[in-house]
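Colleague: Note that the protein sequences, when read in sequence, are chains F and X. Its first residue numbered 4, the first sequence is counted upward by one per residue in this note's numbering. Its first residue numbered -12, the second sequence is counted upward by one per residue in this note's numbering.
Treat the hints with care, as some may be off.
From the structure, some residues in chain F lie toward chain X, with a derived Cβ separation under 7 Å [stated by the list, open to error]: (1) M27; (2) M29; (3) A31; (4) F36.
Which stretches of chain X does chain F cover? Using the computed rule of at least three CB atoms under 8 Å from a CB of chain F, they are [claimed, not checked]: (5) 45 to 54; (6) 76 to 86.
Simulated from the structure, these hints should not be mistaken for lab results. What you are looking at is a predicted structure, and each value in this text was computed from that prediction instead of being measured. The beta carbon of each residue, even a glycine, is placed where N, CA and C say it ideally should be.
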Amino acid sequence: MPEDSIYIARSSAIAARALAGEMMVMKAADSTFFTMNEVATVIFQAADGRTPLREIVRDLVCEQFDVDPEQAQADAAQFVAELSSHGILLVSNQPLTAGASR
Amino acid sequence: MTLMTEMGQKAFNLGVPIAVHMDVTYRCNERCVHCYLDHDDHGEMTTAEIKDVLDQLAEAGVFFLTFSGGEVFMRRDFFEILEHARRLMFNVKIKTNGVMIHEEEARRIRDLDVDTIQISVYSHRPEVHDAITKLPHSFERTIKSIRFLREQGLRVTIANVMMTVNSADHLAVQKLAAELGAHYTLDPTITPMMDGDTSVLSLRIPGEELPEIFHNPALVGSQEEFCAPPKPPSEEDLESYSCSAGHSFCYISPYGEVFPCVQFPLPTGNIRQQKFLDIWNLSPQLQEVRSIQAKDLTVCSSCSHVGSCSRCPGLAYMEGSMRGPSTADCEKSFYRTGVPTANMLQQGLSRPRTISSNNAPLIQIRPIAVPA
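Please take these sequences and the hints and turn them into a complete structure.
Modeller: Right under this line is the structure:
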């Protein structure tokens, strides 16, 4: 999937809240508990289903953190793939509705 | 330390209210003999008010949200409240008697990804359960609701309040929970009624029966560890705080009142008059609760149990002082270890007098082996 057309949305089947910049996430299905660092939290919070991942990384991550843009894009893609495998993020090449899908 | 414990500690240190217990109503369709609530509606928050409170709680950083009552389903708008809470991404637990949960309600609860549903079951014998709830056929309806919820794959916890009238039944209820695929919690806590009436305390099991519970490995895990004599308190013990009440946890009543805990009736403000965060950050009462370390306790600071006692500041408050001892917890520490507490020794007692009339043992025990 070309990164320009990757859209991410938060699953509705989770609970989530930021605590001092770190996102806590719990899956409803099995109560698995995750925390995210500040960079991952920025991506998670921006996962509205409408903004392409590449744009999130370029406009938010690279703006707020001192990171190499190419590395940031690669790390973000890996992070998204991992959260997607846990059912925490929904990934599509079409815009999605955040929090509306399981 | 688990990741969740670590985040809980972080919230405690930062003073973030990570968990809130909210009673949405005191109305109930059962009339349990031990209940401490007045079931009349004295002006519950409206749907809009509750939604606004939930918005404020999300902004304040609340992650774990427990809805309870009364019976939550007595509110016709409960699903609307629940939907709003889940849109705000709270981890939601519901405490209910289950009587109004049928297949359709169970499905809706599943669709909203509620974390856990806790349901009260007092006995495996219908006649005993129904006599406690004073609602005919309530046992049958409650057990049916558990089956509906389990069929939807939801996590259910059976809460078994232990009192004189059902004290012989807890092992059978635990077995019933296992058959239903539910977790099990035993709770011998009976508290005075909200109007101060202590007559319900006659239902409390005698303290002498506590050792049987404390020495049951299915309930307490390692008996050697649980019942070990107290170690001499360290500096760290004396600088510690009682619990999360008022530090990272609070209780909100159906009328918007904020308290440090459901069992700590110290008024700190009302959400109908102030923003939640203003109460949380600025209430002198909450600041006082947060300031109390073990070394500040009037009697307990010199007690050998101070490092291991589950002293409840709310029960101590109800007994007269939030810095004083909670006799119920003194009894618990004594019956757990056989070692008298400073509170008992100060009164010249080598064992608890009898069950005291103004408080209740605070014990929440989860069995180690829970069904899958």
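Colleague: So which of those numbered hints doesn't the model satisfy?
Modeller: When the structure is compared with the hints, none of them turns out to be violated.
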